[in-house]
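Chain residues, written in single-letter form:
2 protein chains.
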Amino acid sequence: MADRRDHRIIDGKAVQHRLLAEIRAELDAAAKTHPVGRLVSISIGPSPEIEVYVRNQARAAAEAGLPFEQVVWPAEATQEDCKRKIAALNDDPSVLGIILQRPVPAHIHVRSLQSAIHPLKDVEGMNPASIGNIVYNDIALAPCTAAAAVEMVRATGLSMPGLEVVMIGHSEIVGKPVAFMLMAEGATVTVCHHMTRSVAMHSRRADVVIVAVGKAHLIGPEMIKPGAAVIDIGINQVTDAAGKVRILGDVDTEAVREVAGWITPVPGGVGPVTVAMLMRNALTAHRRQVAAGWLEAIEA
Amino acid sequence: MADRRDHRIIDGKAVQHRLLAEIRAELDAAAKTHPVGRLVSISIGPSPEIEVYVRNQARAAAEAGLPFEQVVWPAEATQEDCKRKIAALNDDPSVLGIILQRPVPAHIHVRSLQSAIHPLKDVEGMNPASIGNIVYNDIALAPCTAAAAVEMVRATGLSMPGLEVVMIGHSEIVGKPVAFMLMAEGATVTVCHHMTRSVAMHSRRADVVIVAVGKAHLIGPEMIKPGAAVIDIGINQVTDAAGKVRILGDVDTEAVREVAGWITPVPGGVGPVTVAMLMRNALTAHRRQVAAGWLEAIEA
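The listed protein sequences correspond, in order, to chains A and B. Under the numbering used here, the residues of the first sequence are numbered 1103 to 1402, in order. Under the numbering used here, the residues of the second sequence are numbered 1103 to 1402, in order.
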């Protein structure tokens, strides 16, 4: 495990706590004029692998001062059932935001359900409309993981304008939004992927390398420019020779930190910040709902 | 003027005619089962600078076998008038597509009017919803200029997967859509802009350089790798010392073609292909309207 006192390691927990304290202060102020509703986490069917996520979200919500309700719908719920229930949550002014936990049962079409969440309640930033808006630099409710990666770049203190960033991975919910969000801040972004001829040619010249591929230890020290920042979004479950299950990032953290100027560990890097971004989206959702006239002002 | 018989020059007119012939054949086939409506070009107020554009569009429409109607609304039309009229065109099944010519009078909000055009009739691909869909690789109705740039890359015959592309300029309607469309085909794309530390560092390593900045002769031969393809989207009106007005691209074509493997001239490069893309979008719009059940089948 990386030593958290190593100044090269960006401690995601510390960033999370700082962000949650800021969000709490802003929510407390906002709550004086307009009621702050609750976050509703939806799981469909029993699914032990998401419990740890939900628990982390509930804990972060408490730290941010946000009411958090966990609902579990039956595994046999139909797509139509789920849509109808989401529509009811959209209409309920006491619901600030909706989180749809994944995985869902095989008969549920997850993208379609995500589209059913109203964009102003889409605190995960997963609605295709929200993601499309990123093209227009409207990053109000960005996908949380992408927003967390950007926050990690910010945590380095590097100046964004002109920053040379190489994004490895071009998924709709991470790679592409990250590229857009950093472009909007003035960075020069190259997006690499499985068809890129030489990822190393790009990563070795970058000030910041962000990796979201899903291959354990894909990125070694020979791919990083000395002093660069390395943001690792990968979460890979690997069983070692002794049969022990470990969580590894896409970056060989131990080796790369000897070269990098900054590096995010896995676990304990981008993950905790992603949860904080969910709460920041909730704060933004509240502001947007106030601006849209959805919430009645509290009388003085 | 560049010699069009120079094999390095990609002749936009020739590409246009080839594309329009292909589109005409497909439209002729489509018209056997479902009626093909007309394109409606809307100008608001008199505006001599757009006449040449409209004329070129009308000519290309004729070549593709598409009915083309030009309407001019009064300069004093309000935003609400225009929206109402666009809604009527959206509802009219004999209207295949709507083109909103620019510039519009100062009191008209152009982006809002573009949003009023139904996405299935948005043959210019300017509706924010259409552009947002590009994130999801749904490039059905892409902005015409961006689509034309991609078509020009295709005209080189270079294989897209792994192609190293540098896009200079990151506007919503050209740079960003081009980046996404080429990423979707497997290219590795870097987007440079006014805050990029060294554009030359990127452009000199690229297999393809695409420029959409709006600065005459910004790109010289020292910025291009020998044998690379150079796609010039710039259209700059420049008055020379003798008082003569000339149209120049963002690329110093005469100098760069001594280095480049392929180059698109200005005028006569991307421009004519952009008009062909408008007709290709019309063909796509027809297919989508048929799929959506908007058009009644012709009885045999």
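Just so you know, these hints were derived from the structure itself, not from any lab. Treat the hints with caution; some may be incorrect.
Residues from chain A that face chain B, not an exhaustive set, calculated with beta carbons under 7 Å [to be verified]:
(1) A1208
(2) Y1238
(3) A1242
(4) S1261
(5) K1278
(6) T1290
(7) T1292
We put the CB at the ideal spot given by N, CA and C, even for glycine.
Status of the hints after comparison with the structure:
1. A1208: This hint is violated: A1208(A) lies away from chain B, its Cβ roughly 22 Å from the closest one there, beyond 7 Å.
2. Y1238: This hint holds: Y1238(A) lies near chain B, its Cβ roughly 6 Å from the closest one there, short of 7 Å.
3. A1242: Violated: closest Cβ of chain B sits about 14 Å from A1242(A), beyond 7 Å.
4. S1261: violated (10 Å)
5. K1278: Hint on K1278(A): holds, closest Cβ of chain B at ~6 Å, below 7 Å.
6. T1290: Nearest chain B Cβ about 4 Å off; hint holds.
7. T1292: Check passed: Cβ of T1292(A) comes within 4 Å of chain B, closer than 7 Å.
Checked against the numbered hints above, the structure breaks hints 1, 3, 4 and satisfies the rest.
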